[in-house]
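Based on these hints, arrange chain X on the given structure of chain S.
Chains as they are written, first to last, in my numbering: chain S, 107 to 247; chain X, 501 to 613.
Where hints are given, some of them may not hold.
Listed below are the simulated DMTMM-like cross-link pairs for lysine to aspartate or glutamate, each with C-alpha atoms no more than 25 Å apart in a straight line [to be verified]:
no.	chain 1	residue 1	chain 2	residue 2
1	S	183	S	171
2	X	590	S	211
3	X	602	X	554
4	X	607	S	162
5	S	206	X	563
6	X	562	S	167
7	S	206	S	232
8	X	566	S	233
9	S	195	X	593
10	X	607	X	555
These stretches of chain X come out as covered by chain S in the derived footprint (C-beta under 8 Å, 3 or more residues) [as the list claims (entries may be wrong)]:
no.	region
11	558–567
12	595–607
Over 10 Å on every C-beta distance to chain S, these chain X residues come out as not near it, computed from the model [what the hints assert, rightly or not]:
no.	residue
13	553
14	555
15	570
16	571
17	572
18	574
19	576
20	583
21	584
22	585
23	613
The set of hints was computed from the structure by calculation and includes no laboratory data. Note that CB positions come from ideal geometry on N, CA and C, so glycine has one too.
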Amino acid sequence: MAVQQKYQELINAARTAGVGNLQVREQNNVLYIDGQAPSGQVKDQLWNIYNRIDPDYRSGDLVLDIKTTNASGSKAKVVTEKSNLNIRKGPGTDQPIVGKAAHHELITVVSQTNDEWTLVRTDAGEEGYVYNRYLERVPSP
Amino acid sequence: MKRVRFNLIVVAIAALTTAGLSSCKGKTDTDTTNKTADTTSSTTTTAPVEVSSDEALLSGVKDATKDYPTVTATVENGVVTLTGTLERSKLQDLMQSIHNLKPRDVKQQLTLI
Numbered sequence: 107m108a109v110q111q112k113y114q115e116l117i118n119a120a121r122t123a124g125v126g127n128l129q130v131r132e133q134n135n136v137l138y139i140d141g142q143a144p145s146g147q148v149k150d151q152l153w154n155i156y157n158r159i160d161p162d163y164r165s166g167d168l169v170l171d172i173k174t175t176n177a178s179g180s181k182a183k184v185v186t187e188k189s190n191l192n193i194r195k196g197p198g199t200d201q202p203i204v205g206k207a208a209h210h211e212l213i214t215v216v217s218q219t220n221d222e223w224t225l226v227r228t229d230a231g232e233e234g235y236v237y238n239r240y241l242e243r244v245p246s247p
Numbered sequence: 501m502k503r504v505r506f507n508l509i510v511v512a513i514a515a516l517t518t519a520g521l522s523s524c525k526g527k528t529d530t531d532t533t534n535k536t537a538d539t540t541s542s543t544t545t546t547a548p549v550e551v552s553s554d555e556a557l558l559s560g561v562k563d564a565t566k567d568y569p570t571v572t573a574t575v576e577n578g579v580v581t582l583t584g585t586l587e588r589s590k591l592q593d594l595m596q597s598i599h600n601l602k603p604r605d606v607k608q609q610l611t612l613i
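Same shape as in the complex, but just chain S:
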């Protein structure tokens, strides 16, 4: 229970922000919080609280598995630092590169394969898998 108390503010914020399927479990002194965030902003907000409670995430007493989903047919923005984003044949960095999406380019989400990879299509017609970290959901107009 001690770990849960430490992160109570984070749990409350997740509830308030409408995180779906929220689960809070404690096992062997590690707290596991998982759920589905309604947006990337909510996910970042929760991670900011985590960083405030446990600076630089060093304690190793929380696994915060908050996901966001890229809806099929929606648009997503490429949010690499400045480089192009590799589009790969399959979901894995060991897969061959079949195309590139430019920094800040808008691409179409075909389907989200798993928590790490999304199948996308560019306006130029290139189709393949990109790493979710570099996609930002764009609200539909």
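Just chain X now, kept in the frame of chain S:
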């Protein structure tokens, strides 16, 4: 007549005795009421925490750290350990990716620059 009066007395005594007994009966067990604690409302169903296999974690960690060549990640028994150096501004993105892999725990031992 004498006999009838005797019978009436017997009936009266019997009636009084019965009344006395039943009033005693009414006093039973008031102080031993079973109070069962209501725990159902405060506990939720808790399935065991799902942890990925080391093989799945290794493959996920490889993808997650690909763009951070100064970071070394090892996996042992579900625990991901991060060592090496990283710019602090990139830490949150990396940690989010690692935590989404469903590890048992994450040991963040990076030197932040």
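Hints versus structure:
With a CA separation close to 23 Å, the supplied pair residue 183 of chain S and residue 171 of chain S stays within the 25 Å bound. Of the pairs offered as hints, the one joining residue 590 of chain X and residue 211 of chain S holds, with about 21 Å between alpha carbons and a cut-off of 25 Å not exceeded. For the suggested pair residue 602 of chain X and residue 554 of chain X, the alpha carbons sit about 10 Å apart, so the restraint of at most 25 Å is met. With a C-alpha separation of about 11 Å, the suggested pairing of residue 607 of chain X with residue 162 of chain S holds against the 25 Å cut-off.
Distance check on the hinted pair: residue 206 of chain S and residue 563 of chain X sit about 17 Å apart at the alpha-carbon level, within 25 Å; holds. Among the hinted pairs, residue 562 of chain X with residue 167 of chain S is consistent with the structure: their alpha-carbon atoms are about 23 Å apart, no more than 25 Å. For the hint linking residue 206 of chain S to residue 232 of chain S, the alpha-carbon distance of about 8 Å falls within 25 Å, and the restraint holds. Pair hint residue 566 of chain X plus residue 233 of chain S holds up; C-alpha atoms about 21 Å apart against a cutoff of 25 Å.
In summary, the hint linking residue 195 of chain S to residue 593 of chain X is supported, as the alpha carbons are separated by about 24 Å, within the 25 Å threshold. For the proposed pair residue 607 of chain X and residue 555 of chain X, the alpha carbon gap of about 18 Å is at most 25 Å, so the pair holds. For the region 558–567 of chain X, the stated coverage by chain S is satisfied: 6 residues place a CB nearer than 8 Å to a CB of that chain, which reaches the threshold of 3. A stretch counts as covered by a chain when three or more of its residues have a beta carbon under 8 Å from one of that chain; for the region 595–607 of chain X and chain S the count is 12, and the coverage holds.
No Cβ of chain S approaches the Cβ of residue 553 of chain X within 10 Å, the least distance being about 15 Å, so the stated non-interface status holds. The beta carbon of residue 555 of chain X is kept farther than 10 Å from every beta carbon of chain S, the shortest such distance being approximately 13 Å. Every beta carbon of chain S lies more than 10 Å from that of residue 570 of chain X, the smallest distance being close to 15 Å; the non-interface claim holds. Residue 571 of chain X, annotated as away from the interface, keeps every beta carbon of chain S farther than 10 Å; the closest lies near 14 Å.
The Cβ of residue 572 of chain X lies farther than 10 Å from every Cβ of chain S, with a closest approach of about 16 Å, so its non-interface assignment holds. Every CB of chain S is more than 10 Å from the CB of residue 574 of chain X (nearest about 14 Å), matching its label as outside the interface. No beta-carbon of chain S is positioned within 10 Å of the beta-carbon of residue 576 of chain X; the least distance is around 13 Å. Listed as outside the interface, residue 583 of chain X is consistent with that label: its C-beta sits roughly 13 Å from the nearest C-beta of chain S, beyond the 10 Å cut-off.
Taking the minimum C-beta to C-beta distance to chain S, about 14 Å, the non-interface status of residue 584 of chain X holds against the 10 Å cut. No Cβ of chain S comes within 10 Å of the Cβ of residue 585 of chain X; the nearest lies about 13 Å off, and the non-interface call holds. For residue 613 of chain X, the requirement that its beta carbon stay farther than 10 Å from each beta carbon of chain S is met, with the minimum near 12 Å.
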